[in-house]
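Single-letter residue listing:
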Amino acid sequence: MTVFAGDQDLLRRFRAGDRQALSTVYWHYVDAMELFLRGCLGGAQRQGWRADAELADIMQDVFVKAFSERARLAYDPAREYRPFLMTIARNVLVDRLRTSAREMRLDGAAVEALAEAAGAAADAPAPWADPQTMLVVEGYLAGLADSERAVYRERYERCRSQEHTAQALGMTRQNVRTLENRLRVGLSRALARAQLARVASGITPSRGPPRAPESGETLAKGSLP
Amino acid sequence: MNDAELDALLARGALSGPTRERVLGGVLERVARERARPGAKLAALLMLPAAAAAALWIVGAQWASHPKPADLGFHVRGSSPGAVRVDAVCTGGTLAACPRGSRLVFHGSPSDGPRYLAAFADPIGGDAVNNAERIWYFSAEGETPKLGPSAVERSVVIGPEHVAGRYAIHVLVSTRPLPRAEAVRSEGEDIVGRESIELGVVP
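Residue numbers (this note's numbering), protein chains in the order written: chain B, 188 to 412; chain V, 15 to 217.
Calculated directly from the structure, the hints in this document are not laboratory data.
Just so it is clear, the structure is predicted and the values come from calculations on it, not from any experiment.
Glycine included, C-beta positions come from ideal geometry on N, C-alpha and C.
Mixed in with the good hints there might be a few duds.
Partner residues are not named here, just some residues of chain V that face chain B (Cβ under 10 Å, in silico) [stated by the list, open to error]:
| no. | residue |
| --- | --- |
| 1 | 31 |
| 2 | 36 |
| 3 | 42 |
| 4 | 46 |
| 5 | 169 |
| 6 | 212 |
| 7 | 216 |
If you want the ones that stay clear, here's a sample from chain B, every Cβ over 12 Å from chain V, calculated [stated by the list, open to error]:
| no. | residue |
| --- | --- |
| 8 | 204 |
| 9 | 210 |
| 10 | 240 |
| 11 | 243 |
| 12 | 262 |
| 13 | 269 |
| 14 | 270 |
| 15 | 283 |
| 16 | 334 |
| 17 | 374 |
| 18 | 379 |
Could you put together the complete structure from these sequences and hints?
Quick look at the structure:
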């Protein structure tokens, strides 16, 4: 059922571009959008950090288009919103593929050079494809306290918003933020300990350590020329 | 590992709640900017005659006191005909307070010929960035996004190399990929556009 069904006020605020209304619509359709984009990109995309970063980028582009004034006013409330949104997503994907194809054609040599220089690191398999890393993650998650586990389920399994998580668990948003940070710090420490143990036992990881895909990191730390 | 990477790992590759929030933050910021544009354009039109007169007066006064301006710096927007406009958006917050782990998205407007982007961040004084170094995003030594007939977007992660504090992001648009040394000098006919964007990085 469309998010606007029986809620004329939400529709009115959405059309006016109210932030809260846009957020409500976003959270209503974000699951379906991720599923749709993954389905479309699955075969063609590389796997790894870069593929996931691209997914987030594309999702952002889709919602920016869908929430533009033109699209908000073009939506016919007599119809379902989801097909309208998915049509926008399809158009964004087609535009993106066309652009990348054109860039490849016009600048093939530069792209090849780039691929040689940075491609290997950026296309490294994501760590959730690495059994050793995932063993560490699973072990860490198994030892979570109840409150941490509850936040984990809402934020990382159900992928809910901070606000929704706070409401569902009867916590303040500050509590959720604190527990979320604790999860990250705990996992970071568990990974570091596992890495140390591997080094100490002389086991080399089957894959390189996870790296961020972006040039901001791969090219970062530059010095004055 | 930064927060975004840890979030991805905790969610086993799915877009976690925190990641979705970062995406939503970027969406709302870009939508808000689009809404602001028509008003800004109208205001610019209304103010044009006064602004032009003021600019002529300032330029004249500066020319009189400094007959040979050695360096126009990075503050000139659209400094030559056909200049390409580049904007930046922080996906996890605002440009004034961009959390580490967010993405900085550079948006280049369409250009009438092939153009290349160079960008780097210089820390702006203060105790918080005492030990910060220059950070390179795009240059001929690495990646130089190519601008063409369509708008182009490229994002970089605000990673751990970004010490919390203020940065001046220098963006250059040129007719050929610029090596770092030339981008820093910011001189030459190949450079057709410059932007300076202030960024505040928060933990």
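Evaluation of the provided hints:
{"no.": "1", "hint": "31", "verdict": "holds, 4 Å"}
{"no.": "2", "hint": "36", "verdict": "holds, 8 Å"}
{"no.": "3", "hint": "42", "verdict": "holds, 6 Å"}
{"no.": "4", "hint": "46", "verdict": "holds, 8 Å"}
{"no.": "5", "hint": "169", "verdict": "holds, 6 Å"}
{"no.": "6", "hint": "212", "verdict": "violated, 17 Å"}
{"no.": "7", "hint": "216", "verdict": "violated, 14 Å"}
{"no.": "8", "hint": "204", "verdict": "violated, 6 Å"}
{"no.": "9", "hint": "210", "verdict": "violated, 6 Å"}
{"no.": "10", "hint": "240", "verdict": "violated, 7 Å"}
{"no.": "11", "hint": "243", "verdict": "violated, 6 Å"}
{"no.": "12", "hint": "262", "verdict": "holds, 15 Å"}
{"no.": "13", "hint": "269", "verdict": "holds, 17 Å"}
{"no.": "14", "hint": "270", "verdict": "holds, 20 Å"}
{"no.": "15", "hint": "283", "verdict": "violated, 10 Å"}
{"no.": "16", "hint": "334", "verdict": "holds, 16 Å"}
{"no.": "17", "hint": "374", "verdict": "violated, 6 Å"}
{"no.": "18", "hint": "379", "verdict": "violated, 9 Å"}
Checked against the numbered hints given earlier, the structure breaks hints 6, 7, 8, 9, 10, 11, 15, 17, 18 and satisfies all the rest.
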